[in-house]
Every structure is written in C-alpha cells, then in structure tokens.
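Chemist: Chain residues, written in single-letter form:
There are 2 protein chains.
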Amino acid sequence: MEPFKIMEIKQSIFEDNDQQANQLRESLKAEKTFLLNLMSSPGAGKTTTLVKTLEILKNEMRLGILEADIDSDVDAHSISKTGVKVIQLHTGGMCHLDADMTKQGLLGLGTEDVDCAILENVGNLVCPAEFDTGASKNAMILSVPEGDDKPLKYPLMFSIVDVLLINKIDVLPYFDFDLETVKEHVKKLNPNIRVIPISARTGEGIEEWANWLRTEVKLWNEK
Amino acid sequence: MEPFKIMEIKQSIFEDNDQQANQLRESLKAEKTFLLNLMSSPGAGKTTTLVKTLEILKNEMRLGILEADIDSDVDAHSISKTGVKVIQLHTGGMCHLDADMTKQGLLGLGTEDVDCAILENVGNLVCPAEFDTGASKNAMILSVPEGDDKPLKYPLMFSIVDVLLINKIDVLPYFDFDLETVKEHVKKLNPNIRVIPISARTGEGIEEWANWLRTEVKLWNEK
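Residue numbers (the numbering used here), protein chains in the order written: chain E, 1 to 223; chain U, 224 to 446.
Once the Cα atoms are required to be at most 30 Å apart in a straight line, the calculated DSSO-like pairs of lysine-lysine come out as: (1) E:LYS183 - U:LYS304; (2) U:LYS411 - E:LYS81; (3) E:LYS218 - E:LYS85; (4) E:LYS218 - E:LYS32; (5) E:LYS188 - U:LYS304; (6) E:LYS188 - U:LYS228.
None of these hints come from the bench; they were simulated from the model.
Here chain E stands alone, though its shape is the one from the complex (with noise of 0.2 Å):
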C-alpha cells in the first residue's frame, strides 16, 4: 500500500472560475489554511526544492502538499519521505488546475490540520498561469538551464506569480544565463515580485525562501 492516497480529480464543470476560486480563497480564509500554488516547468526542481523547504519548516507548521501530475507518483513518494501529510491527484490528462480540481484535492488532503498547503501544479508555463486556483500567493520556479529568455516567451506565468525562485544556481557557470537580464525582464512585467535565487541541491537561498513563505502563512492567519 502505499503511504499516501491517491485521487482521480474530476474536471471542473463550473463556468466561472475567477468566482470559485475566490470563494476558495474565503474559505481557506476563514479556517486559517494558507495555499500556495507552486508551478514550473517539467523538471525545474519544485519537488527538490519541495522536499529541502519541508525539512525547515515542519516542526514550525501544520504542512500539507498536493501533488498534481498527469499520472505517476514519484513526486509524492518523495515528499512522503519527509514525514509531510501528502496527496497525489491525477489530473486525467489536464495541464493545469483550476479552483475546483483545488478544492477536490483540498478535501482529499483534509485541511483541518494544516496551517500551510503547498499545490504542486503539474510542470507547465503555459495552462497553470490562465487559472486561478483559489490559492493564497502563488509561486513559480525558473531554473538556469531552461535559459535567461523565459520571461518574454512565457510573460502570462511571470506576471501573475508574486515569488520567483530562480533554481540550479549552483550550475551557473556552465549556462549562458545572465541573472540581473532575467530580473529586469521580470520586473517589467511584474514590478512586485519578489526574485530569490536558490539552490535546491546545495540549499543555498533557501532559508530565504522559507523566510518569505513563513511570513506570509503568518500574516494569512493574522489579517
């Protein structure tokens, strides 16, 4: 058996989403359950650096992680590992989630015990930015090797993320990939985000990350 469950998210049938999602967001709200929507490209390193936030902020906070994928379940096997509450939801096929697959996945996961719920969304620039998924902040992943130019082919994503970890910053000298290009793009796009570079493997910038990610679960359940 394996340690974690796994579900079949049915695909939404509402119409509005913009209006599920923030009736989401209420909920969440209300019972003090932050939600954050982590994305990226396949292979960026979201489960990696996952699994290194995990291990600082688990006996801090009540955690809870949704791991969203076509089909497999390598990604919650090594998330359960951790010792973190953690659920894989199969997406039949979808490339994205919207509120409503969220809202499933949530009451697959139970939340009553969790403080802070991470969405890992399936690995995608492209659907996971046109939908809401009723989260608290949202968060993307860009990694080195994927190339400084990401921001102008995929500017939708850049926009509506507030958090932009930048990964694999330990491979830095085997990449064209010019940090300060990138931020400045970003920063056009979205003048509010926040940049942190990070290394999933080497930990480098994660305590930041996880500084950010603890303020904001705490302002979540004080406002």
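Please arrange chain U on chain E, whose structure you already have, making use of the hints.
Modeler: Just chain U, lined up with the frame of chain E:
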C-alpha cells in the same frame, strides 16, 4: 519590419483532429513535403538544436520553419539569422497546435518550395502529445537538467515520438542524470524509439541527428 511573417493562429473548429491530421499528412505526402513536429519542455533547447541542424542541412534541401509560441518572436529571429525561411505562429494562449492550426501555419509559410518543414511546437510536455499535427514524424528533446525521471512523469509524450534527442550532454558531469536509466524507461514505453544524445552547444551528436532527419526526408519523398 521583421524578417519573417507573424501569424495569429485561429482555434480549430474541427471535432475530429485525427481525421484532419491524416488528410494533412496525405496532402503533404502528395506534394513531397516532409513535416517534423519537434516538441520539448520550455528551455530544453529546441531552437538552438534547430539552428545547428539547419546549418548542416540548409545547402542540401529546401527547409521551412514554423515557430509556435504563445506571443513572442525571439525564436523566429534566431532561426531567421540562418537564412532559412521561417514563420512565427502565435497560438493565442493555446498550449499546443492541432492539425488544423498546423495547416494554417503551413499555408502561411508556403510549402511549394519546401522539402522539409519543421514545426517547433509550444514548449510543453503535456498538451502537444495529445494532438496529432499531421506531421510525418514526431521528435522530442529532453535535456539533462530536467532529470532522468521525466519518462515516468510524461509517459504519453515519450510514447508517441519517433526520435528522442537527449540534449545538453555537455553538462552531464554536473547533474544526477543517468542516460541508461532514461533509455531503459523510454524503450519500455516505446520499443521502436530512436534515442540520440546530443549537445546543441558543442555540436556533439548533431551529425547523427541530421543523418536521421536526412534519411527520413528521403524515405518520405521516395515512398
């Protein structure tokens, strides 16, 4: 003025994409135009690989490139510098091209003087795998930094392609990426797949890949 055409692709109105795809494939066959559908995650190196490939093949066959992107044109600029005919297709937020959208693009490009057309699909491992574009052959690029678990997570994509390029092998020493593991997983999903490790940066493997393409274009025009 741009050195290439920019075209807004209309969403397809056809219900039966498979039928549209087969019709397109037949008409391309009749006019002796080979069509390659090239797919990958964002940042896996589609454009860089294409530029290297065009440099090798442009003096021995008539090429034409369709660059599909959400709304930028940086890739068409890169291709345009090789002197090869290129058109920039904007998908209006769509995360893939289907057969009808591809046909619109081919009409915009003009294929009467093209032996080999290459469609650089939207950077995405989910949606493009679900739609037959009408291509003669399908190729994908997986890059080393994305990780060797990708065939487990995006099995459909790896199942439907004829050739898999494993790019950025020049950075293999800096990543936990096992080439043999990938080959093993991929062959289980797709026993007839051809796997070619390359580095678009150093040029390693590009000649083998160009050879594969050269042979396929020849077979297409002979049969």
